[in-house]
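Numbering (the numbering used here), first residue to last: 150 to 903.
Careful: at least some of the hints might be erroneous.
As the list claims (entries may be wrong) - Listed next, the in silico DSS-like pairs over lysine-lysine satisfying Cα-Cα at most 27 Å (straight line): (1) Lys498 to Lys571; (2) Lys860 to Lys698; (3) Lys498 to Lys236; (4) Lys498 to Lys432; (5) Lys432 to Lys571; (6) Lys498 to Lys293.
In short, the hints are calculated from the structure, not lab data.
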Amino acid sequence: MFAPWVQRLAGDRSGWILSLLPLSLAVYFASFLPEVSRGEVIIQQWIWLPGMDINLSFLLDGLSLLFALLISFIGTFIIIYAGSYLKGHKDLGRFFVIMLSFMASMLGLVLSDNLISLFVFWELTSITSYMLIGFDHEDESARKSALQGLFVTVGGGLALMAGLIMLGTLGGSYQISELLNSGDALLTSSLSVGMIVLILIGCFTKSAQFPFHFWLPNAMAAPTPVSAYLHSATMVKAGIYLLARLNPALAEHWLWSASLSLFGAITMFVGAYLAYSATDVKKVLAYSTVMALGTLTVLIGIGTQYALIAFASFLLAHSMYKAALFMIAGVIDHEAGTKDLTRLGGLHKAMPVTAIAALIAALSLAGLPPLFGFIAKEALFEAVLSTELYSNLLLILALLSAMLVTAIAAVIAIKPFYGELKTTPKAPHEGPLGMLAGPVVLASLSLLFGLMPFLPDSGILTATVNSISSEPFDFYLALWHGFNLPLLLSVISLLGGIALYHFWSGNRQHIGTLTRQLSRFGPEAGYFKFMDGIVFSADWQTRVLQNGKMGNYMIVMIMTTVILVGYTLLSQYGFRLTLQASDVAFYEWAIALLMVVSVLYAIQTRSRLGAVASMGVLGFTVALIFIHFSAPDLGITQVLVETLTVILLVLVLFKLPGFSRYSTRFEVIRDASVAISMGVLMTLLLLAAIDTQYFETISAFFLEASYPEAKGRNIVNVILVDFRALDTLGEIFVLAIAALGVYSMLKLRAEKNS
Numbered sequence: 150m151f152a153p154w155v156q157r158l159a160g161d162r163s164g165w166i167l168s169l170l171p172l173s174l175a176v177y178f179a180s181f182l183p184e185v186s187r188g189e190v191i192i193q194q195w196i197w198l199p200g201m202d203i204n205l206s207f208l209l210d211g212l213s214l215l216f217a218l219l220i221s222f223i224g225t226f227i228i229i230y231a232g233s234y235l236k237g238h239k240d241l242g243r244f245f246v247i248m249l250s251f252m253a254s255m256l257g258l259v260l261s262d263n264l265i266s267l268f269v270f271w272e273l274t275s276i277t278s279y280m281l282i283g284f285d286h287e288d289e290s291a292r293k294s295a296l297q298g299l300f301v302t303v304g305g306g307l308a309l310m311a312g313l314i315m316l317g318t319l320g321g322s323y324q325i326s327e328l329l330n331s332g333d334a335l336l337t338s339s340l341s342v343g344m345i346v347l348i349l350i351g352c353f354t355k356s357a358q359f360p361f362h363f364w365l366p367n368a369m370a371a372p373t374p375v376s377a378y379l380h381s382a383t384m385v386k387a388g389i390y391l392l393a394r395l396n397p398a399l400a401e402h403w404l405w406s407a408s409l410s411l412f413g414a415i416t417m418f419v420g421a422y423l424a425y426s427a428t429d430v431k432k433v434l435a436y437s438t439v440m441a442l443g444t445l446t447v448l449i450g451i452g453t454q455y456a457l458i459a460f461a462s463f464l465l466a467h468s469m470y471k472a473a474l475f476m477i478a479g480v481i482d483h484e485a486g487t488k489d490l491t492r493l494g495g496l497h498k499a500m501p502v503t504a505i506a507a508l509i510a511a512l513s514l515a516g517l518p519p520l521f522g523f524i525a526k527e528a529l530f531e532a533v534l535s536t537e538l539y540s541n542l543l544l545i546l547a548l549l550s551a552m553l554v555t556a557i558a559a560v561i562a563i564k565p566f567y568g569e570l571k572t573t574p575k576a577p578h579e580g581p582l583g584m585l586a587g588p589v590v591l592a593s594l595s596l597l598f599g600l601m602p603f604l605p606d607s608g609i610l611t612a613t614v615n616s617i618s619s620e621p622f623d624f625y626l627a628l629w630h631g632f633n634l635p636l637l638l639s640v641i642s643l644l645g646g647i648a649l650y651h652f653w654s655g656n657r658q659h660i661g662t663l664t665r666q667l668s669r670f671g672p673e674a675g676y677f678k679f680m681d682g683i684v685f686s687a688d689w690q691t692r693v694l695q696n697g698k699m700g701n702y703m704i705v706m707i708m709t710t711v712i713l714v715g716y717t718l719l720s721q722y723g724f725r726l727t728l729q730a731s732d733v734a735f736y737e738w739a740i741a742l743l744m745v746v747s748v749l750y751a752i753q754t755r756s757r758l759g760a761v762a763s764m765g766v767l768g769f770t771v772a773l774i775f776i777h778f779s780a781p782d783l784g785i786t787q788v789l790v791e792t793l794t795v796i797l798l799v800l801v802l803f804k805l806p807g808f809s810r811y812s813t814r815f816e817v818i819r820d821a822s823v824a825i826s827m828g829v830l831m832t833l834l835l836l837a838a839i840d841t842q843y844f845e846t847i848s849a850f851f852l853e854a855s856y857p858e859a860k861g862r863n864i865v866n867v868i869l870v871d872f873r874a875l876d877t878l879g880e881i882f883v884l885a886i887a888a889l890g891v892y893s894m895l896k897l898r899a900e901k902n903s
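Just need the whole structure built from these sequences, with the hints factored in.
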């Protein structure tokens, strides 16, 4: 919460100052590289809810360290970038607060070793993401996109919560480090399929897998620093992280590997095609992010050694070049005034540094040597060739996606910067240092890691692969592996991408028309229909159930109780009603008959005074029952309350208009049926409660403790005054309030008469 204070004091330099926080975190996490590279796992734990096996425990291994480094290192440049991009914005301090809160939530998520604490951080990322996407809250499209992202991810989060609880229950622990070594217990249970489905729904919604991919491109309504950070390097990879984290425990289940491979492949191709059909540079990058997320999911699903190597390499490569490209998109929009690729061209002279950084990052996106993206791309093809599940389908979709991504990369690198200089809303010029630092550094790292792959390979990537693999193994990355099939596939994808790039401009109208036609039947259309259904349901419920009529509320609540409680009672307890009337005395029959007659008279009479009197008779007969069964104190209380109630009702009657019958015959029958149903249910519940006893009665305790502890031989008095003193005090308050009410009405009436 110190960010607004820093922003007010430092002004335009606040981004540089606040970036010291994520930078220090990056240095701190980097200090663990030697231990983690040796295969050590560092666990830190604080007790939170020991009775429920919920602790604030954190785990640092290869996977969590890689994510922590990406979050903090890229976050450093994002904070600097945001300070320049939003320079002069009236809510810049608020932006820094939310962005740093999101960063903390993501770090908590990837470092958590407890399923419940992981879920808490998971939902915090959804909430902070919602606030960041809707940061420009005066913009309707931003608010709409923020709500859509929130509904999809939080809806999936509810499924994930159920899946994680099932996972912890089946594994016997909520500690992730223990679950990964739980053996076959998670796979052989009859609940394993349901558990996996729920976890996949949560991860798929968070990481924009088909058919939930539509929310991520719409989230581009957020400011560019948000897009560069949340929707390329961090939040959308939260689901990928959890899939990778749980992979060692669930990889052997057929549903896990089949679902990840199939849905990941579909997402990969759909994202690549939609990116090829878009013209807004941020939308192009967003859809290509969907493609990358699908690729990562496929690689986890394949699960071979080659696949896990490709996963770690692609994760690192994508985070670097995609964050750089998003920031470059923001520079173009900020300095030229448009993000539309069809309106951009010839900017390389006015923006030379931006053009070079964009070229390097786009080459890594396309997977061309000597960029690190090329190494990741070859590893991807090697992984697809090594799988047996959906092998032909995965190979075809991977190759087509690679062609489309190559074309996309060419569009991003060439269209805005080369060719004829086009007129833009702003006179283009180079961006400030704060906006160029991130793209230049990240693009340079893509080139450096491509030329010297042993830098990430020898440390963090090896540790990452071994942390998500069932068995550790050694490997090395290289820019050149000789002439082989993956290289041939890379060349084919390059040639196909070049051809698609040449078709991009001439077929823009046809591609856009086809995409719009397909979107009418796509998942996003289903989302809007679902939301319309919710609105319709809410309208119907408000009109029929919550219409302001108290009688309707009572009927709905009573019948809901009758149906749900009655079903549970009959299904769990059964219907074992046996009545024995042989030992019932004649005066007990007389009291019961008097109660029934008084109720029937109150229902039928047209006299309010008669109805009040009959209800008073009912109350006094209840007092007789209390006295008959040796509860004189309850009987006295009942007599007092009933007397005050009758007096109050009689006084109120003088203020009411004449009697009128407002209910139709149908309504009378309906209300009677509802009342009888509730009465029957309560009767059956009381009989079942009397018949069922899980513990010894408390009567023996009162008999033994009344005199030694309370110094009283009248057990009832001791219970009321000592053991249930608060209950008795509450009854006294009720009587006092009722008496005050009667006194006030009598006093008011006396004053009016005088």
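Consistency of the hints with the structure:
no. : hint             : result
1   : Lys498 to Lys571 : holds (12 Å)
2   : Lys860 to Lys698 : violated (53 Å)
3   : Lys498 to Lys236 : holds (25 Å)
4   : Lys498 to Lys432 : holds (25 Å)
5   : Lys432 to Lys571 : holds (21 Å)
6   : Lys498 to Lys293 : violated (38 Å)
Hint compliance for this structure: hints 2 and 6 are broken, all remaining hints hold.
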